[in-house]
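**Q** Next come the chains, spelled out residue by residue.
Protein chains: 2
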Amino acid sequence: MAKQDTQPARGTRDFLPSEARRRAHVIALVREVFERHGFEPLETPAIERLGALLGKYGEEGDQLLFKVLLRGQPLVDGIRQAAEKLSLPGGIVAGRSGETAPGAEPLLADLGLRYDLTVPLARVYAAHRSKLPGVFKRYQIQPVWRADTPGKGRFREFLQCDVDVVGSTSPLAETEVLCAATVCMEKLGFREFAIRLNHRALLRAVCEVAGVPPALEGTAIVAIDKLDKVGRDGVAAELRERGVSDPARLLEALAARDLDEVSRVVAGHAAGAAAVANLREVVGFLGATPVGAHVRFDASLARGLGYYTGAIFEIQVPDLAGALAGGGRYDGLVGSFAGQSVPAVGCSLGLERILTVLEERGALPGEARGLDVVVAAADASDLHAALALATRLRAGGLRADLWPEPLSPGKLRKHADERGIPAAAWLERGARDRASLWIRAGGATRSDAAFDEIVAGARAASGATP
Amino acid sequence: MAKQDTQPARGTRDFLPSEARRRAHVIALVREVFERHGFEPLETPAIERLGALLGKYGEEGDQLLFKVLLRGQPLVDGIRQAAEKLSLPGGIVAGRSGETAPGAEPLLADLGLRYDLTVPLARVYAAHRSKLPGVFKRYQIQPVWRADTPGKGRFREFLQCDVDVVGSTSPLAETEVLCAATVCMEKLGFREFAIRLNHRALLRAVCEVAGVPPALEGTAIVAIDKLDKVGRDGVAAELRERGVSDPARLLEALAARDLDEVSRVVAGHAAGAAAVANLREVVGFLGATPVGAHVRFDASLARGLGYYTGAIFEIQVPDLAGALAGGGRYDGLVGSFAGQSVPAVGCSLGLERILTVLEERGALPGEARGLDVVVAAADASDLHAALALATRLRAGGLRADLWPEPLSPGKLRKHADERGIPAAAWLERGARDRASLWIRAGGATRSDAAFDEIVAGARAASGATP
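In order, the protein sequence lines correspond to chains A and B. Sequential numbering of the first sequence, starting at 1, is according to this note's numbering. Sequential numbering of the second sequence, starting at 1, is according to this note's numbering.
In isolation and in its complexed conformation, chain A is listed as follows (with noise of 0.2 Å):
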């Protein structure tokens, strides 16, 4: 047999055991916050119709979308379209990296993986909307696919998990989705984080009254979201690059300190004031919750994301470039296809980022249980009494492995010792229904034990409850 390729594909990872259960310990935490605060889970479908995910995400996001090739008649009839397109002038756009042939792919492709997980919310708010609370608070943890190039931390299959609320306009919305993602923060064992927290149409009315033209309000969006990264001279530049005459009045009007300062920057500005408003009402139902001691107005945070309406934020550990969690109010989105206006506000939480974070700090919550015993006999002719005590172990309560073949005993304790099992019994050649216990933290052995003693013994060292 020759030796095959084994690696997962490119972008994508393989987690065995330990990883895969720090994962799903860290998902079940996140998903009983967001259970407790109200928050119903959803979950959609991997692939979706390549014509409700082209045009969500803007050009970029379409290249970057994962697209399943057509089968049977369409497959021939698409191969002929697309060779036809290529011929024609403008069918193929030269670029840095090589020609691509945008306009051939939707005649190859019906399907396309999941991009994120805001546009299928809104798919499916549309299509069960009478089935739904008139008032949907939902969380969605699943996998997406983006066909960007791989990097340090960057995968093209990752973990998103959002909440959102559907359905109203109240700042009360705001404040459950920052309870529920600081309460999953706190719970991660975070301590010290800030919430920034700004307004879209405030940073609107910022740039006109620092004479930004409203032509120009969206770039500049784009170019004060880089603050973090190039700082105020970096940003300085590129609004000047982006036609901003004057970035050093728009620069000291986003230095704002406080609701009280920035009131007076935008005074006079209708949809200003309406912005600043807003944020007071939220801080003030923030104040009564886990959130208060986190949150901190902030004139320059601008979310990079088009379709923000209202109200955004970002979570940031000191330790840490980036955000670990990020949202905002998106009126417009929702509604887009139920061709009707539809209130939204949602938190982003980088669960991947989380996870390097906690992982780096070796400070994951809690331990993921694991194999609490494992069970191995001298002889095959013992296996029948292994087994026994086996499933003793496991009806009491423990989980239990058995070793499918004859061990020797040192065997055994570098298996369990090896993979973090606590505690091994071991029965010797001719044993029917006793067996000796090693426990792996101080490394006492008992022999000769019967097996009610070998469940008390596996049970103790392993902190597993009955």
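Since the hints were derived computationally from the structure, they do not count as laboratory data. A few of these clues could be false.
Identical chains blur together in the list; that is why a pair holds if it fits in one copy or across any two.
Below, a list of computed lysine-lysine pairs in the BS3-like style, where the Cα atoms sit at most 27 Å apart [what the hints assert, rightly or not]:
{"hint": "1", "residue 1": "LYS131", "residue 2": "LYS152"}
{"hint": "2", "residue 1": "LYS131", "residue 2": "LYS411"}
{"hint": "3", "residue 1": "LYS414", "residue 2": "LYS131"}
{"hint": "4", "residue 1": "LYS187", "residue 2": "LYS131"}
{"hint": "5", "residue 1": "LYS411", "residue 2": "LYS152"}
{"hint": "6", "residue 1": "LYS152", "residue 2": "LYS414"}
With chain A's structure known, arrange chain B on it following the hints.
**A** What follows is chain B alone, placed relative to chain A:
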């Protein structure tokens, strides 16, 4: 805004909260049983290199793979080559459902969606063998994708749920796999179910002694596999069609009722006798476990898949045609990536079928816990107090939703009733630290209660433990 198509892609499903919760509940239960039996979790990516998938599932499987379109320059090149290939003789295969271009597909795609969990297991085992224990017991519960024609209970995206033991030829491996599957069935509330047990080598031996030429054994097994569906006469006709000259003789041999009878059928056939001895060992182990009460030898059990080499088994319930679970030993497949033979045995639980059966019976085990209580207020000015109550309920371990807009008590009760929420708390205008509590079961209302009393009442109504 124009209304868009809101349906999920053909053959895929959205899971709204109650269904998502039920599925998560069943999955958690199955996971816990697997963990208790010493199986460890593995997760692999949804997308695999196409080369790792093609040729593993036979010609039909290759056609049913969802393939992912190339991107950029490789796609442009691929379209040109595919068009060229189409124009060559044999470039297109004409079938009943139109033309297909199987040769062109690998020119246009580089990735495929996971088709089962066994090939990824084989790949991971080969990649990480040195890091894994010598006997690797893993479970994996993840979706797979097949471009099949969707039908009742047949989907294009569905969960698979596999347990496998890799690296041991011991009959204890079969035992452990069957134990885990049996305890799952029991925990899921199934009382009456049969585990049919046979052996692929025994089946081949029976074919041989019944005069089926070795070259026809594979095709004969495919026909025998349909015994449940088309009956004895149907199989006889199909066997004749497939070239078996004396189907009656084979069918009679397959009617052996127990291991003693079948051992007489294959008397003198070395491989057949070895298979019987192996099954006796397996049955010997099973007798001491929960499997013992359910297992019975069935000489006609065939299992369609080509890759089985040893014991094979299926779990069936009386009121349903087809199997709820099935598996067997396959000592060739896992090694195909490693370039050497690796013994393995596994069982796949038909989780989607099991969920369907349980729902039809109205017998889902336990009840997936939903929201415990919902809080609302008469007036926007009372939402601060409502938030304080929700925060108190959540701190008390309850899953508390908070309605973010003013709501009348009648609408609140209707909402709680429709959503199956066991309790609802309502704050009247000007309420500060008191509310009324409505209990859904019985419809009792308690008014003007302190928050502590609301927490205690809601906890009692929901059955949640603090």
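**Q** Hints first: check each against the structure and report whether it holds.
**A** Right, here's what the structure says about each hint:
{"no.": "1", "hint": "LYS131 <-> LYS152", "verdict": "between (42 Å within a copy, 23 Å between copies)"}
{"no.": "2", "hint": "LYS131 <-> LYS411", "verdict": "between (58 Å within a copy, 16 Å between copies)"}
{"no.": "3", "hint": "LYS414 <-> LYS131", "verdict": "between (56 Å within a copy, 14 Å between copies)"}
{"no.": "4", "hint": "LYS187 <-> LYS131", "verdict": "neither (33 Å within a copy, 31 Å between copies)"}
{"no.": "5", "hint": "LYS411 <-> LYS152", "verdict": "neither (38 Å within a copy, 51 Å between copies)"}
{"no.": "6", "hint": "LYS152 <-> LYS414", "verdict": "neither (34 Å within a copy, 51 Å between copies)"}
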